[in-house]
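**Q** Each chain, letter by letter, is given below.
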Amino acid sequence: MHDFELVKPASVAEAVAALAAEGAQALSGGQTLLPSMKQRLAAPDRLVSLLDIPEMRGVCHGDRGLAVGGATPHAVVAREAAARYPALAALAGQIGDPAVRSRGTIGGSLANNDPAACYPAAALASGATIVTDRREIAADDYFQGLFTTALDEGEIITTVHFPIPERACYMKFEQPASRFALVGVFVAKYADGVRVAVTGAGEDGVFRWTDAEDALTADFRPEALQGLVVDADGLIGDLHGTPAYRANLIAVLTKRAVAAA
Amino acid sequence: MKVTMTVNGKAMSAETEGRTLLSSFLREGLGLTGTHVGCDTTQCGACTVHVDGQPVKSCTVLAQDVAGKTVTTIEGMANPDGSLSVIQQAFQDNHGLQCGFCTPGMVMASAALLAENPHPTEDEVRHHLKGNICRCTGYHNIVKAVMSASGATSQKLAAE
Ligand SMILES: Cc1cc2nc3c(=O)[nH]c(=O)nc-3n(C[C@H](O)[C@H](O)[C@H](O)COP(=O)(O)OP(=O)(O)OC[C@H]3O[C@@H](n4cnc5c(N)ncnc54)[C@H](O)[C@@H]3O)c2cc1C
Ligand code: FES
Ligand code: FES
Chain A
1 MHDFELVKPA SVAEAVAALA AEGAQALSGG QTLLPSMKQR LAAPDRLVSL LDIPEMRGVC
61 HGDRGLAVGG ATPHAVVARE AAARYPALAA LAGQIGDPAV RSRGTIGGSL ANNDPAACYP
121 AAALASGATI VTDRREIAAD DYFQGLFTTA LDEGEIITTV HFPIPERACY MKFEQPASRF
181 ALVGVFVAKY ADGVRVAVTG AGEDGVFRWT DAEDALTADF RPEALQGLVV DADGLIGDLH
241 GTPAYRANLI AVLTKRAVAA A
Chain B
1 MKVTMTVNGK AMSAETEGRT LLSSFLREGL GLTGTHVGCD TTQCGACTVH VDGQPVKSCT
61 VLAQDVAGKT VTTIEGMANP DGSLSVIQQA FQDNHGLQCG FCTPGMVMAS AALLAENPHP
121 TEDEVRHHLK GNICRCTGYH NIVKAVMSAS GATSQKLAAE
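Protein chains in written order, with full-length UniProt numbering: chain A, 1 to 261; chain B, 1 to 160.
Keep in mind that the hints were calculated from the coordinates and are not lab data.
Be aware that a few hints might be false.
[As the list claims (entries may be wrong)] Distance condition first, Cα-Cα at most 30 angstroms in a straight line; then the derived DSS-like pairs of lysine-lysine:
(1) Lys10/B to Lys69/B
(2) Lys69/B to Lys8/A
(3) Lys69/B to Lys2/B
(4) Lys8/A to Lys38/A
(5) Lys38/A to Lys2/B
(6) Lys130/B to Lys69/B
(7) Lys69/B to Lys38/A
(8) Lys2/B to Lys8/A
(9) Lys189/A to Lys2/B
(10) Lys130/B to Lys38/A
[Unchecked claim] Pulled from the structure, derived: some chain B residues nowhere near chain A, Cβ distances all over 12 angstroms:
(11) Ala11
(12) Met12
(13) Gly34
(14) Gly53
(15) Pro55
(16) Lys57
(17) Gly76
(18) Met77
(19) Asn79
(20) Gly82
(21) Ser85
(22) Asp93
(23) Asn94
(24) Pro118
(25) Ser150
(26) Thr153
Quick reminder that beta carbons are idealized off the backbone N, C-alpha and C, glycines included.
Start from the sequences, fold in the hints, and give me the full structure.
**A** Dropping the structure here:
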């Protein structure tokens, strides 16, 4: 790792100011950024640590649903979201392993937008709102392809608002070596319709399976998905699974998620 | 920059750079070489220590980022009289180690589990230790050790 300066702001305003410098980058849990710096895939001159900014930590409930601070670790979401949004808590509790969950944060996960990450599926299926230091972005506009998001340079995720669904479930088929999702499907049923988001499978990252959404909005039962197939075109193929294998998994996991929701 | 943190109950300091990892701070800065570095890529868990009671992979935490916090390493696990703690003794009694390389991380991860969930099921133990890799034991004796440390009377494990 190349050396850098670490700064530890105490507020969002201080963090934004510190990020304005040339070569500065945000650091949350470091569970993605530090390994990539060790591989020299990133070499910032300055890291701005977000972990000790009180206004960015914790889970609370309000009129917009559940508000999760951008620097809240997965372990805290697993604990504190359990009563209000159990499917989200369960997702957080299945990320990686306990040590990764102590450090890794929702803001880091959404900013990184790994095509196999779990939180993007929850945010997209819940129609979440990503709040940054300067604006609000709807999940439908936020994810823009592999490791690409609507965030500008130096923009930080301060809070994520999750509308709470009537029923929901995340089904993750784990890739046992990386512990990421080989395929993950998040199903969320709201009064105005069902949303289904798929991670781990799309060549452009997380996406919504709209055919399944229509079928489930009409009839929220696994049987409603009978006969629906996912087009393998545009799905990831790698040594862990072909596009056709992933297409089949999406259908299977969606049924299981509906059954368990 | 000089960094100070409370390590195993004592305030300890060492010089650091921005990039100094908590694992290097402990091993090279403080001479606490019980924390092992197996992979240095966040995969194996050998470097697991506790920061403010939470398990972390010390190879993936910056020393300066946890300045002032409370850290526990394997050197802080024995009883005050120097005898092995319940978890350490259970690893020895159940042959939960062979070469011992993964053991500091296994003990720290297990201690974090038992602090949160004093009576885990076998499944919960396996799930919790997912981030800790052992190349020797085949895991069964490690799981047995954790179950026995939790006070569970020995029963056959699923794979036996
Ligand atoms: C062994 C292992 C297993 C894992 N398994 C899973 C898994 O099963 N599912 C899963 O989803 N993830 C998994 N992860 C990834 C993990 O969840 C990471 O914690 C997460 O992707 C990144 O979060 P972080 O807080 O560590 O971010 P960092 O590594 O600190 O940062 C990642 C990126 O986001 C930027 N950033 C960080 N915070 C913010 C913010 N608030 N606003 C704007 N930009 C920001 C940084 O500049 C950087 O570019 C795993 C990681 C490891 C090491
Ligand atoms: S050395 Fe830290 S996880 Fe392997
Ligand atoms: S005892 Fe040798 S790696 Fe676990």
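**Q** For the pair we were handed, lysine 130/B and lysine 69/B, check the Cα-Cα distance against 30 angstroms.
**A** Holds, at roughly 26 angstroms.
**Q** Is the Cβ of proline 118/B farther than 12 angstroms from every Cβ of chain A?
**A** Proline 118/B clear of chain A: closest Cβ-Cβ about 16 angstroms, beyond 12 angstroms.
**Q** When you look at the beta carbon of glycine 76/B, is every beta carbon of chain A farther off than 12 angstroms?
**A** holds, 17 angstroms
**Q** Compute the least Cβ-Cβ separation between glycine 53/B and chain A, then decide whether it is above 12 angstroms.
**A** violated, 9 angstroms
**Q** Does glycine 34/B sit more than 12 angstroms from chain A, CB to CB?
**A** Holds: least Cβ distance 17 angstroms, greater than 12 angstroms.
**Q** Evaluate the condition: distance from the CB of glycine 82/B to the nearest CB of chain A exceeds 12 angstroms.
**A** holds, 28 angstroms
**Q** Taken at face value, is the distance from the CA of lysine 69/B to the CA of lysine 10/B at most 30 angstroms?
**A** holds, 11 angstroms
**Q** Regarding the assertion that threonine 153/B does not contact chain A, is the least Cβ-Cβ distance greater than 12 angstroms?
**A** Since the minimum Cβ distance to chain A is about 26 angstroms, threonine 153/B lies beyond 12 angstroms and the statement holds.
**Q** Could you grab the alpha-carbon distance between lysine 38/A and lysine 2/B and see if it respects the 30 angstroms cut-off?
**A** holds, 23 angstroms
**Q** Sort out whether lysine 2/B lies within 30 angstroms of lysine 69/B, counting only the CA atoms.
**A** holds, 14 angstroms
**Q** Run the distance test for lysine 8/A versus lysine 38/A: straight-line Cα separation, threshold 30 angstroms.
**A** Status holds; Cα separation ~21 angstroms.
**Q** Quickly compare the C-alpha distance for lysine 69/B and lysine 8/A to 30 angstroms and report which way the hint goes.
**A** OK: lysine 69/B and lysine 8/A at ~14 angstroms, within 30 angstroms.
Violated hints, in rising order: 9, 14, 15 and 16; the structure is consistent with all others.
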